[in-house]
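Colleague: Here are the chains, one letter per residue:
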Amino acid sequence: MKASGPGGAGRGILWRRLVADDGPGRLLFYLPAVFMTVFFLVPLGLTLVWSVFERTMFWMKPGFTLAAYGDFFLSGRIDSFLNSVQSGLATVALAFALGFPIAVFVRRSLPPAAQHKAVLLFILPFMISEVIRLFALRPVLGRNGIINDALIGSGLIDAPLDWLIFTPTGVVIGEVLSFLPFMVFCGFLAMEGVPDYVFELCSDLGSGVVRTFVRVIVPLAAPGIFAATLFIFVNSLGLFLVPDLLGGPGAANAGTLVVNAISALDFPLAMAIAAVMVAMMIVLLLIGHRLFDITRILQPYR
Amino acid sequence: MTVQESAARTRPVPAVEAEGIAKNYGSVTALKPTSFAIPAGSYFVLLGPSGGGKTTTLRMIAGLIRPTGGRVRINGADVTDLPADRRDTSMVFQGAALFPHMTVEQNVAYGLTLRRLPRDRIRSEALEMLKLVGLAGFERRRPHELSGGQQQRVQLARALVLKTSVILLDEPLAALDAQLRRDMCFELKHIQESVGITFVHVTHNQEEAMTVADEIALIADGELVERGTPEHMYETPERRFTAGFIGENTLLDGIIHGHGQEARLVIAEGLEIPLPNAPVGEGRPASVSIKSEDFRLAPEAVDAVSAPVEVVDVFYLGFSTVMHVRLPDGRPATVRSTTGALPTRFRSGDRAVLSWRPEAVRLHLA
Ligand SMILES: Nc1ncnc2c1ncn2[C@@H]1O[C@H](COP(=O)(O)OP(=O)(O)OP(=O)(O)O)[C@@H](O)[C@H]1O
Ligand SMILES: [Mg+2]
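Sequence order for the protein chains is A and B.
Take the first sequence: its position 34, counting from 1, is numbered 34 in the UniProt record's numbering, and each next residue is one higher.
Take the second sequence: its position 300, counting from 1, is numbered 300 in the UniProt record's numbering, and each next residue is one higher.
Fair warning: there could be bad hints in the mix.
[Said to hold, decoys possible] Some residues of chain B that are not near chain A, with every Cβ distance over 12 Å (derived): (1) Ala84; (2) Asp85; (3) Met91; (4) Val92; (5) Arg119; (6) Arg121; (7) Leu176; (8) His257; (9) Asp303.
[Stated by the list, open to error] Listed below are several chain A residues computed to face chain B (Cβ distance under 8 Å; list not exhaustive): (10) Ala20; (11) Asp22; (12) Pro24; (13) Glu200; (14) Ser207.
Everything labelled a hint here was simulated from the structure, so no lab data went into it.
Model, not experiment: these values are computed from the prediction.
Here a beta-carbon is modelled for each residue, glycine too, at the ideal position from N, C-alpha and C.
Work out the full structure: start from the sequences and follow the hints.
Modeller: In structure tokens, the structure reads:
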């Protein structure tokens, strides 16, 4: 053990006195709560409150009206919204199907020293601006893009596939590609909750790959998978860049709807859409928490 | 008794047969080519120091590791190329290797559900096994709600329920405290006897090995050093290593001098151990071992062979007392005596005479 000098000890005592149960420093522990209140709870509350305010020419005035909700639910907007829910679900499913096996592979088949490097490789794309990343997909997915060239060149198809970009499919492809790293990363962390012995156990019991995956790995990694899934789903609804850049004319998700409402100075509508999204997320969180204790994300089974 | 039955009696097929199995990891040799046969229905223990190759041996039998050479046969059938689940074995892993998200019953039943048996049959068999291992009433609990000993029982039930003819156990009791370990040993033995199938049990704990084993194989440095019944390993070990590992023996190395009645092991000047009719020639290096309880420490010689010693340490353990003494040339020896049988209470620094019967000396040529 290291002997602490007089200065170190003095600092220690001062610090302890400061943060003692009755010291003034105990308030420090409330800082996170203050932060959360100012930056999350208040905006959330305002979102709800403003969503029922009455619209004025340039802003809104206090009042209570469900007009904004009517504007959302009783117009074409709800169709765009539901479409984006649909492509969000497709994105989540594809990201899971592609990303989670990669995470399992990294955990199971790479030596420990290589694992973190491999995961870092998957996170690197996050360092590049989303706009650039998505824009760079155009020369890949376009009519004369790399993929079509390769497919035609290899004689697999005669005419270029024109649904790879500027279509709802293009949106899903773009979203999967931008969120895949997140699934790999979360999946990798989630595999922490899957002890190594279960794989040997399964091979001794004769549980096949699929069965082991469904009955053992997924349930054990469920909290992490759920976290990744929720994050991807919510972002696929909210990030308007993807439909903007890859969706073609008229493509919209919830994010696009909000942005459009704001550009049209219809703030209550923007708030109402946001409120619906928040409500949806809370419901999903509650369902997730009921199905598998989400607190296990931080503390896997002992 | 039919003719076939009596034929089977005379030449029973071993439950497990290893023929020259070996394992290398690159340049590391985990197990040198090793052969052994484990009789069906016996409790076989692989005992040895850490890193000796016990787990490697067990996993090659299980099919979890592919041997680099040799063949494995289970009940006479060559299974070397079969995966773990196609072998008539099931494994109890070290630590509590259970599915943490399943209940006790689901854990036990999982292997059966893979075999597509009817539901109520799976359930009744799982419950029956839980009863056998003393866990009736625990079926709804999850692994983290059980003690370490209970978790190991669940593992045992999970292995037993598959009704394989061999159960492989890798340090099943290592995580348990001494008392519980002892109780579980008795229980393992009882269960093995009542079920009547072959158990192969890996441990580095000799007391555990002696308690459960019909036969012990001592494995060290990637080699099967010696095998035999617990009595053999304790009373008449052949190899020097066995005498050093099992029991509490004093080992003395020297050179054989003389022959016939005159043969003796010269350990140092003035320290010779008579070995009448030793089956080796003059000049050969050899070792002898003497069990600590075969020594007698007294103020003067009380047995045929003796040597003056100095008492170094005395440990009073209640029923017995252990004394470390120094032979004339400084070599240590260990004496254990029932406390009541000691002529006086020795203290460290005392001079005394260590004596033993000639029959207590065991010769090791390797
Ligand atoms: N995957 C591996 N790669 C390289 N060497 C290994 C590997 N597995 C085991 N070994 C080596 O093989 C030798 C035997 O290992 P093994 O696990 O069989 O020992 P053990 O007798 O079971 O020891 P313990 O009592 O510590 O469990 C050891 O020296 C070990 O370092
Ligand atoms: Mg081992």
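Colleague: Each hint: holds or not?
Modeller: Hint by hint, here is what the structure shows:
For B:Ala84, the condition that its CB be more than 12 Å from all CB atoms of chain A is violated, with the nearest at approximately 5 Å. With a cut of 12 Å on Cβ distances, B:Asp85 falls inside the contact zone with chain A, its closest approach being about 3 Å. Look at B:Met91: its CB is around 5 Å from the nearest CB on chain A, not clear of 12 Å, so calling it non-interface is violated. Listed as a non-interface residue, B:Val92 fails to keep its Cβ farther than 12 Å from every Cβ of chain A; the least gap is roughly 10 Å.
The Cβ of B:Arg119 lies farther than 12 Å from every Cβ of chain A, with a closest approach of about 16 Å, so its non-interface assignment holds. Distance check on B:Arg121: its Cβ is at least 17 Å (rounded) from any Cβ of chain A, clearing the 12 Å threshold; non-interface status holds. Chain A leaves B:Leu176 outside its interface by the beta-carbon criterion, the shortest separation being 17 Å against a cut-off of 12 Å. No beta-carbon of chain A is positioned within 12 Å of the beta-carbon of B:His257; the least distance is around 55 Å.
Consistency note on B:Asp303: stated as away from chain A, and its beta-carbon is indeed over 12 Å from all of that chain's, at 53 Å minimum. For A:Ala20, the suggested interface contact is broken, since its CB lies about 35 Å from the closest CB of chain B, more than 8 Å. Below 8 Å, beta-carbon pairs count as interface contacts, and A:Asp22 has none with chain B, the closest being about 37 Å; its hint is therefore violated. Interface hint status for A:Pro24: violated, as the beta-carbon distance to the closest one in chain B is roughly 41 Å, over 8 Å.
Hint status for A:Glu200 relative to chain B: holds, with the closest Cβ pair at about 6 Å, below 8 Å. Hint status for A:Ser207: holds, given a least beta-carbon distance of 6 Å to chain B, under 8 Å.
Checked against the numbered hints given earlier, this structure breaks hints 1, 2, 3, 4, 10, 11 and 12; the rest are met.
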